[in-house]
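**Student:** Sequence:
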Amino acid sequence: MGRGRAPCCAKVGLNRGSWTPQEDMRLIAYIQKHGHANWRALPRQAGLLRCGKSCRLRWINYLRPDLRRGNFTAEEEATVIKLHALLGNKWSKIAACLPGRTDNEIKNVWNTHLKKKASEQKPGVGGSKGEPADGDPDTPVPSLSSASSTCAGGGGGVEELLELPDIDMDADIWSIIDDDVARLQQGDATVPCTTKASPEEEGNEWWLADLEKELGLWGPTEESQPQAGPHDQIGYPGQDMEMVMSSSYPQSRSDHEASNSE
DNA sequence: AATCAAGACAACCGCAATACC
DNA sequence: TGGTATTGCGGTTGTCTTGAT
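Going by the working numbering, the letters in the first sequence line up with residues -14 to 247, in that order.
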């Protein structure tokens, strides 16, 4: 158990820090088309200068189309507080009970304001680090009495959320990726996401070029993009994609929150 | 108008668990 | 059966935004 941890992010030559719209675009397009059977091989096959771990995190937490963005509703907050009292810092289990919310998001929300709110409501309970207040009579969890099994058990829960919904991507993107895969299969008989990645990395050059040209983001690498920050507005080909991307790149925090408030 | 502090969010790190060979 | 590769999870940190002074 737990042996042979992959070097992953320690690799040199990989991008780190915030994701650019181009990177997001590439990741979304690739996953929508080919899935994510192998996170480790995915970035190479998608032409991303990221480690698989980073790609997975980005997809799970921000790019998944079925994510809910915006402020937590009062009901969601109450659920988080209740579940945290029951489960402690089991963010993934709590997230399994909140469709469209991620463990990272819940964790952030908890650490920023729900912890305070919970401690205000129950001075003796909230705020304890990972200490579930199980058995606390003041913490009834009526519909979640067996949260871990009710919400995530039976093969449901998060797994259902991870199913890829249909997102209308611009056909050009698919053609680019299809073409890419075809070339890969011809070249080294490597099928993306289903086999071990081939060591040939130079094949990404034209892939990157094609996609970036197609997206109007032409540049040899992301480094050549002059600080294409998260707030840059880029024309995304599909409306649904635009929705996904805009949700990932709010123009400002207040705009983001205002646009999602209910 | 400029500066500072606090809050909020996104991303990274490292460990653990599981799957595969 | 043991070792390795990969994925998942939780904690932590870095950066940006906003509000106060």
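Please note: incorrect hints may appear among the correct ones.
[As the list claims (entries may be wrong)] Within a straight-line C-alpha distance of at most 25 Å, the following computed DSS-like cross-link-like pairs (lysine-lysine) qualify:
#, residue 1, residue 2
1, Lys102, Lys92
2, Lys92, Lys75
3, Lys18, Lys75
4, Lys67, Lys101
5, Lys102, Lys75
6, Lys67, Lys18
7, Lys38, Lys18
8, Lys92, Lys67
9, Lys92, Lys38
10, Lys100, Lys75
11, Lys38, Lys67
12, Lys101, Lys75
[Claimed, not checked] Label-pair restraints from in silico Cβ distances:
#, residue 1, residue 2, range
13, Lys102, Gly20, 32 to 42 Å
14, Lys101, Arg53, 20 to 30 Å
15, Gly(-2), Ser104, 41 to 51 Å
16, Ser3, Asp51, 17 to 27 Å
17, Glu60, Thr97, 34 to 44 Å
18, Asn56, Arg1, 25 to 35 Å
No lab work stands behind these hints, which were simulated from the structure alone. Cβ coordinates follow ideal geometry from the N, Cα and C atoms, glycine included.
**Student:** Are the hints correct? Go through all of them and say.
**Tutor:** Verification of the supplied hints:
At most 25 Å may separate the alpha-carbon atoms for a hinted pair to count; Lys102 and Lys92 meet this at roughly 14 Å. Straight-line distance between C-alpha atoms of Lys92 and Lys75 comes to about 9 Å, which keeps the hinted pair within the 25 Å bound. For the hint pairing Lys18 with Lys75, the CA-to-CA distance comes to about 32 Å; that exceeds 25 Å, so the pair is violated. Restraint check for Lys67 and Lys101: the C-alpha separation of about 14 Å stays at or below 25 Å, so the hint holds.
In summary, the hint linking Lys102 to Lys75 is supported, as the alpha carbons are separated by about 19 Å, within the 25 Å threshold. For the proposed pair Lys67 and Lys18, the alpha carbon gap of about 38 Å is over 25 Å, so the pair is violated. At most 25 Å may separate the alpha-carbon atoms for a hinted pair to count; Lys38 and Lys18 meet this at roughly 19 Å. This hinted pair checks out: Lys92 and Lys67 have alpha carbons roughly 14 Å apart, not beyond 25 Å.
At most 25 Å may separate the alpha-carbon atoms for a hinted pair to count; Lys92 and Lys38 meet this at roughly 19 Å. Taking the CA atoms of Lys100 and Lys75, the gap is near 14 Å; set against the 25 Å cutoff, the hint holds. For the proposed pair Lys38 and Lys67, the alpha carbon gap of about 30 Å is over 25 Å, so the pair is violated. Straight-line distance between C-alpha atoms of Lys101 and Lys75 comes to about 18 Å, which keeps the hinted pair within the 25 Å bound.
The hinted window of 32 to 42 Å between Lys102 and Gly20 holds, with their beta carbons roughly 39 Å apart. Taking the beta carbon of each, Lys101 and Arg53 are about 22 Å apart, inside 20 to 30 Å as hinted. One distance hint, 41 to 51 Å for the beta-carbon pair Gly(-2) and Ser104, holds here, with the actual separation near 45 Å. Under the hint 17 to 27 Å, the C-beta atoms of Ser3 and Asp51, about 23 Å apart, fit the expected range.
Look at Glu60 against Thr97: about 18 Å separates their beta carbons, and that is not inside 34 to 44 Å. One distance hint, 25 to 35 Å for the beta-carbon pair Asn56 and Arg1, holds here, with the actual separation near 29 Å.
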